[in-house]
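Protein chains: 2
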Amino acid sequence: MIDSALRFVLECEKLKGIERRSRPIGLPRRENSAEHSWSLALLAMTLIPAIDPSLDTLHILKMVILHDIVEIDAGDTFCYGDQGNKAEKEQAAAKRIFGMLHESLASEFISLWEEFEQGATPEAKFANAIDRLLPIMQNHANGGGAWPEHGISIDQVLTRNRNIEAVSPELWQHVTALANEAVAAGWLKPAKTVPNL
Amino acid sequence: MIDSALRFVLECEKLKGIERRSRPIGLPRRENSAEHSWSLALLAMTLIPAIDPSLDTLHILKMVILHDIVEIDAGDTFCYGDQGNKAEKEQAAAKRIFGMLHESLASEFISLWEEFEQGATPEAKFANAIDRLLPIMQNHANGGGAWPEHGISIDQVLTRNRNIEAVSPELWQHVTALANEAVAAGWLKPAKTVPNL
Numbered sequence: 001m002i003d004s005a006l007r008f009v010l011e012c013e014k015l016k017g018i019e020r021r022s023r024p025i026g027l028p029r030r031e032n033s034a035e036h037s038w039s040l041a042l043l044a045m046t047l048i049p050a051i052d053p054s055l056d057t058l059h060i061l062k063m064v065i066l067h068d069i070v071e072i073d074a075g076d077t078f079c080y081g082d083q084g085n086k087a088e089k090e091q092a093a094a095k096r097i098f099g100m101l102h103e104s105l106a107s108e109f110i111s112l113w114e115e116f117e118q119g120a121t122p123e124a125k126f127a128n129a130i131d132r133l134l135p136i137m138q139n140h141a142n143g144g145g146a147w148p149e150h151g152i153s154i155d156q157v158l159t160r161n162r163n164i165e166a167v168s169p170e171l172w173q174h175v176t177a178l179a180n181e182a183v184a185a186g187w188l189k190p191a192k193t194v195p196n197l
Numbered sequence: 001m002i003d004s005a006l007r008f009v010l011e012c013e014k015l016k017g018i019e020r021r022s023r024p025i026g027l028p029r030r031e032n033s034a035e036h037s038w039s040l041a042l043l044a045m046t047l048i049p050a051i052d053p054s055l056d057t058l059h060i061l062k063m064v065i066l067h068d069i070v071e072i073d074a075g076d077t078f079c080y081g082d083q084g085n086k087a088e089k090e091q092a093a094a095k096r097i098f099g100m101l102h103e104s105l106a107s108e109f110i111s112l113w114e115e116f117e118q119g120a121t122p123e124a125k126f127a128n129a130i131d132r133l134l135p136i137m138q139n140h141a142n143g144g145g146a147w148p149e150h151g152i153s154i155d156q157v158l159t160r161n162r163n164i165e166a167v168s169p170e171l172w173q174h175v176t177a178l179a180n181e182a183v184a185a186g187w188l189k190p191a192k193t194v195p196n197l
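Respectively, the protein sequence lines represent chains Y and W. Start counting the first sequence at 1; every next residue gets the next number (full-length UniProt numbering). Start counting the second sequence at 1; every next residue gets the next number (full-length UniProt numbering).
Everything labelled a hint here was simulated from the structure, so no lab data went into it. Backbone N, C-alpha and C define an ideal beta-carbon position, used for all residues, glycine too. A couple of the hints might just be wrong.
As the list claims (entries may be wrong) - Residues from chain W that keep clear of chain Y, each with C-beta distances beyond 10 Å, as calculated:
| id | residue |
| --- | --- |
| 1 | Asp-73 |
| 2 | Glu-88 |
| 3 | Ala-191 |
To be verified - Among the chain W residues that face chain Y by a calculated CB cut under 7 Å, a handful are:
| id | residue |
| --- | --- |
| 4 | Leu-42 |
| 5 | Ile-48 |
| 6 | Leu-55 |
| 7 | Leu-158 |
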């Protein structure tokens, strides 16, 4: 069981080579999915006591530590772009990579990853919400970051990340404030106005 | 409480700019302390069931996620090099960075970091052991990695990382096998022979 665990962790080193669209705050390079996963884990353990102490912190930490490992085979998909056959590629990746582990651990990790993807349990909803929150915070702190590069509008940000509101109205207030500041600064396109008919 | 949590997590982005001596396996660049912390968390949740399921996994995950944050102010120290006034600088860093949080969370995080540094509890012993194990695995998988660059010998590796043996004799066997292979490959200097008197 130790041998398969070590082989799995060596394989997962590859996540450090998977680039995301966002950049770490203040750094010129792209962020990789391993350091992003660390940020999420840190954000989870820091925010849970403020938002909902009844959540299962261990379960959430395990989920966010594992959530991007499938990208080793399937790559990162920009959340405002074409999702292609992402789900199928990620399923195969989960089977191959988590399948390197001893059977009981492989089942646990696959089930944690599926729970995150389905986003139905309170823990998965929280994990998905902070996964969306983090790049918004980074883009805002980086003078717009990936938003102006891809011509994103405030409508896209607020529609795409609406899942944050159900988890915490207070966090959602924070998101809308950042998005409005980004429009004022010219980093996000303004909302499309409804034409007068 | 949410505001201070978000400010803290933004500040901790800086850990992504702190470089270690080791390199992610197969990548030419240095590893940063944020992605290293993610690897440790993954290694912890993967190895605990094999080594000692009675350990408190949540406690260990929190410890390893936080353990290097003080490097934002104090920098990374090579474990085979001069440790300088590391302890003092790290204490001040812990006070400043964790002190950004709401009082109850600040106390919890400082106490987790101190527990890791002191290495006295079973959870801290495990966290310290895997923190030592990981660069050994990386250097071995990277054709010697940081070892030949700094002229390290097998004595140094086995003395410096002996804490792994107390946590798991099976992991220690793995370490000594990797170190012996590294000597055979010329990546580590051989043990100093005792001169015949």
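Comparing the hints with the structure gives:
Listed as a non-interface residue, W/Asp-73 keeps its Cβ farther than 10 Å from every Cβ of chain Y; the least gap is roughly 15 Å. Every Cβ of chain Y is farther than 10 Å from the Cβ of W/Glu-88; the closest lies at roughly 25 Å, confirming the non-interface assignment. Interface exclusion of W/Ala-191 from chain Y stands, the closest Cβ pair being 24 Å apart, more than 10 Å. Interface hint status for W/Leu-42: upheld, as the beta-carbon distance to the closest one in chain Y is roughly 6 Å, under 7 Å.
With a least beta-carbon distance of about 9 Å to chain Y, the hint placing W/Ile-48 at the interface is violated under the 7 Å criterion. Interface hint at W/Leu-55: violated, since its Cβ lies 12 Å from the closest Cβ of chain Y, which is beyond the 7 Å cut-off. Because the closest C-beta pair between W/Leu-158 and chain Y is about 18 Å apart, greater than 7 Å, the hint is violated.
Of the numbered hints given earlier, the model fails hints 5, 6, 7; all others are met.
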